[in-house]
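Line by line, the protein sequences are chains A and B. For the first sequence, position 148 (counting from the first letter as 1) is numbered 148 according to the numbering used here, and the numbering increases by one without interruption. For the second sequence, position 32 (counting from the first letter as 1) is numbered 32 according to the numbering used here, and the numbering increases by one without interruption.
If you are wondering where the hints come from, they were derived from the structure by calculation, not from laboratory data. Accuracy of the hints is not assured; some may be wrong.
Any copy will do: because identical chains look the same in the list, a pair fits if it lies in one copy or spans two.
What the hints assert, rightly or not - Below are the SDA-like pairs computed for lysine to any residue, each with C-alpha atoms no more than 25 Å apart in a straight line: (1) Lys132 x Lys181; (2) Lys132 x Leu180; (3) Lys195 x Met142; (4) Lys181 x Leu68; (5) Lys181 x Phe141; (6) Lys203 x Phe141; (7) Lys181 x Pro155; (8) Lys143 x His83; (9) Lys185 x Asn154; (10) Lys143 x Arg179; (11) Lys196 x Phe141; (12) Lys58 x Lys178; (13) Lys28 x Ala65; (14) Lys16 x Phe110.
Number of protein chains: 2
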Amino acid sequence: MAKPTNKIIDSSTEEKIKEAAKKLFTQKGFNAVKTREIAAASGINLALLNYYFRSKQKLFEIVMAENLFAFKNGMSNVLNDDHDDIFVKIEKMASYYIDTLKVNPNLALFVVNAIHDNQHDIFDDKLDPLQKSRNNFAKQFMKSIEEGKITPINPIHILSNIIGLIVMPFLAKPMMLKRLKISDKEFTSAMEERKKLIPIWIKAMLKIN
Amino acid sequence: MAKPTNKIIDSSTEEKIKEAAKKLFTQKGFNAVKTREIAAASGINLALLNYYFRSKQKLFEIVMAENLFAFKNGMSNVLNDDHDDIFVKIEKMASYYIDTLKVNPNLALFVVNAIHDNQHDIFDDKLDPLQKSRNNFAKQFMKSIEEGKITPINPIHILSNIIGLIVMPFLAKPMMLKRLKISDKEFTSAMEERKKLIPIWIKAMLKIN
DNA sequence: GTCTATATTCTGATAGAC
DNA sequence: GTCTATCAGAATATAGAC
Numbered sequence: 001m002a003k004p005t006n007k008i009i010d011s012s013t014e015e016k017i018k019e020a021a022k023k024l025f026t027q028k029g030f031n032a033v034k035t036r037e038i039a040a041a042s043g044i045n046l047a048l049l050n051y052y053f054r055s056k057q058k059l060f061e062i063v064m065a066e067n068l069f070a071f072k073n074g075m076s077n078v079l080n081d082d083h084d085d086i087f088v089k090i091e092k093m094a095s096y097y098i099d100t101l102k103v104n105p106n107l108a109l110f111v112v113n114a115i116h117d118n119q120h121d122i123f124d125d126k127l128d129p130l131q132k133s134r135n136n137f138a139k140q141f142m143k144s145i146e147e148g149k150i151t152p153i154n155p156i157h158i159l160s161n162i163i164g165l166i167v168m169p170f171l172a173k174p175m176m177l178k179r180l181k182i183s184d185k186e187f188t189s190a191m192e193e194r195k196k197l198i199p200i201w202i203k204a205m206l207k208i209n
Numbered sequence: 001m002a003k004p005t006n007k008i009i010d011s012s013t014e015e016k017i018k019e020a021a022k023k024l025f026t027q028k029g030f031n032a033v034k035t036r037e038i039a040a041a042s043g044i045n046l047a048l049l050n051y052y053f054r055s056k057q058k059l060f061e062i063v064m065a066e067n068l069f070a071f072k073n074g075m076s077n078v079l080n081d082d083h084d085d086i087f088v089k090i091e092k093m094a095s096y097y098i099d100t101l102k103v104n105p106n107l108a109l110f111v112v113n114a115i116h117d118n119q120h121d122i123f124d125d126k127l128d129p130l131q132k133s134r135n136n137f138a139k140q141f142m143k144s145i146e147e148g149k150i151t152p153i154n155p156i157h158i159l160s161n162i163i164g165l166i167v168m169p170f171l172a173k174p175m176m177l178k179r180l181k182i183s184d185k186e187f188t189s190a191m192e193e194r195k196k197l198i199p200i201w202i203k204a205m206l207k208i209n
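Let the sequences and hints guide you as you build the complete structure.
Structure follows, in C-alpha cells:
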C-alpha cells in the first residue's frame, strides 16, 4: 500500500516556506525581506529554501503569482453574476479590492512595480480567471452607453478612475497617516466607507439619470 | 584673475552623479539602485560618489529633495492666487501634475516607493514651498463645506480622490497601453483630456449646487 | 529531506597613490 | 579631485555529512 499523501492540508516543508514567504513579501516587499527571515518564520533551515525554490527571486515570483491568481480568482467569483447591474458590479469590485488590500497592503505596490519592470508577463496568465468577467464588464459598459444610461467616455478614463479611487489610498497610506495625522484604525475605517462611496462617485461621474 | 566658475551649465562631476542618480532613483527606488550602477551611469569612479556625497543614503536624500522641491515649487506658483475658486485650484493642480508626469512619468512610482521605504522624512522639508498653498486649500475647503457648497467629507477621501484620479493612469500606464491596445500618443491625449475632466468629476463627487 | 558549515557574490564604503 | 585596490559585512546560494 502506497504512502498516503495529504493534498488538502498541505503542511509540507515546501508549503510552510511558501506561506511564510507570502506573508513577508506581501508585507514588506522583495528587498526588505531576507531569506534568513523566511527560514526563521517558517521554522525551517535556510538551506531548504534553496533546495525547494532554487533562489529568493524564484520564490518571490511563485508566491506573488499565486497571490495575484488568488486575487483574480476571488474577483472572478465576485463578478460572476451576469445579471448584476453595472454599478452593483463596481460596488462588489471595490469591496473585494479593498478587503484584499486591507489584508495585503503591499500587493498594490508589487503590481505597480511589476508593471514598470515590464514584468507584466505575470498578468498574461494562460488561464486568466478574470478574462471572462472583464469582457462581460466591457460589453455591459458599452451597452449602458448605447442605452443612454452613461455618457460616452474613453475606456482609459473609466479604468483609471475605478482603479485610482480604489488603490491610491493604499499606495499613499504611510504618507496619508502622517500628513493627516490619523491612526491605522481610522484609515481602515475610511477604507470601509469607500466601499460604498466609490460606486456613488463613479455613478456621479458618469452622470446617470 | 580668478578662475571663472560656471554656475549655469554645471557639468561638474558632482552634478553628473546627481543627474544619473536622479534618473535611476526615480526609476527604480532606493534599494534597487546600486552605487556601482550610479557610478557607471554617470561615467565616474565609484569612490567619487562617497567623496562627494558621503553615502548612498545621503545622495538619495539630496536628489529626492531636489526632485520634490522643484515639483512643489512649481505647484506653489500654480496655486498662488488666493482668490481662485477651489475648483479652479483643482483644475490648475491637475494640469500641473499631469504636465510634470508627462515629462517624468516615473516620478509617481518613485514617490510611491519612497513612501513605502519609510523614507518619507524626505517630505518634511524644512522650507516646504507648498505648505502655505496646502493650508489655504484646506481652509478654503472647510469654508466651502460650512457654506453648504460641498457635502461634508473626510479629508482622506478628497485627498485620495484628487491624487488617485491624477496619478493612477501614470502608475498603470504600461499595463493600460497593453490592455486597452492604445498608443503612447493616445495615452498622452487622454491625459490632456483629464486636465479638464478631473475637476468636473471632483465637482460631481462633491455634489456642488 | 534536513542539517551544519562554508563558499560565493554583492554592496557600501575607504585607504592611499597620483 | 580622481583613481586603483581592497575591506568589512551582509546576504544568497551550495557542498557534503547524516
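Okay, the hints, checked on the actual structure:
Only between protomers do lysine 132 and lysine 181 lie at most 25 Å apart by alpha-carbon distance; the minimum there is 18 Å, versus 42 Å within a single protomer. In this assembly of identical chains, the alpha carbons of lysine 132 and leucine 180 lie at most 25 Å apart only when taken from different copies (15 Å versus 40 Å within one copy). Proximity of lysine 195 to methionine 142 under the C-alpha cut-off of 25 Å is found in both arrangements, the shortest distances being 24 Å within a copy and 24 Å between copies. When the C-alpha separation of lysine 181 and leucine 68 is checked against a cutoff of 25 Å, the pair qualifies only between copies, where the shortest distance is 21 Å, while the shortest distance within a copy is 32 Å.
Taking identical chains as interchangeable, the C-alpha atoms of lysine 181 and phenylalanine 141 lie at most 25 Å apart only when they sit on different chains, with a minimum of 18 Å there against 39 Å within one chain. In this assembly of identical chains, lysine 203 and phenylalanine 141 lie within 25 Å of each other by CA distance both inside one copy and across copies; the values are 12 Å within and 23 Å between. Taking the shortest Cα distances, lysine 181 and proline 155 sit within 25 Å of each other only across copies (11 Å), while inside one copy they are farther apart (36 Å). Taking identical chains as interchangeable, the C-alpha atoms of lysine 143 and histidine 83 lie at most 25 Å apart only when both belong to the same chain, with a minimum of 13 Å there against 43 Å between chains.
For the identical chains of this complex, lysine 185 and asparagine 154 are inter-copy neighbours only, at 14 Å across copies versus 37 Å inside a copy, given an alpha-carbon limit of 25 Å. In this assembly of identical chains, the alpha carbons of lysine 143 and arginine 179 lie at most 25 Å apart only when taken from different copies (20 Å versus 42 Å within one copy). In this assembly of identical chains, lysine 196 and phenylalanine 141 lie within 25 Å of each other by CA distance both inside one copy and across copies; the values are 20 Å within and 23 Å between. Taking the shortest Cα distances, lysine 58 and lysine 178 sit within 25 Å of each other only across copies (22 Å), while inside one copy they are farther apart (35 Å).
Taking identical chains as interchangeable, the C-alpha atoms of lysine 28 and alanine 65 lie at most 25 Å apart whether they share a chain (16 Å) or sit on different chains (21 Å). In the homo-oligomer, the alpha carbons of lysine 16 and phenylalanine 110 lie at most 25 Å apart inside one protomer (20 Å), although the nearest pairing across protomers, at 31 Å, exceeds that limit.
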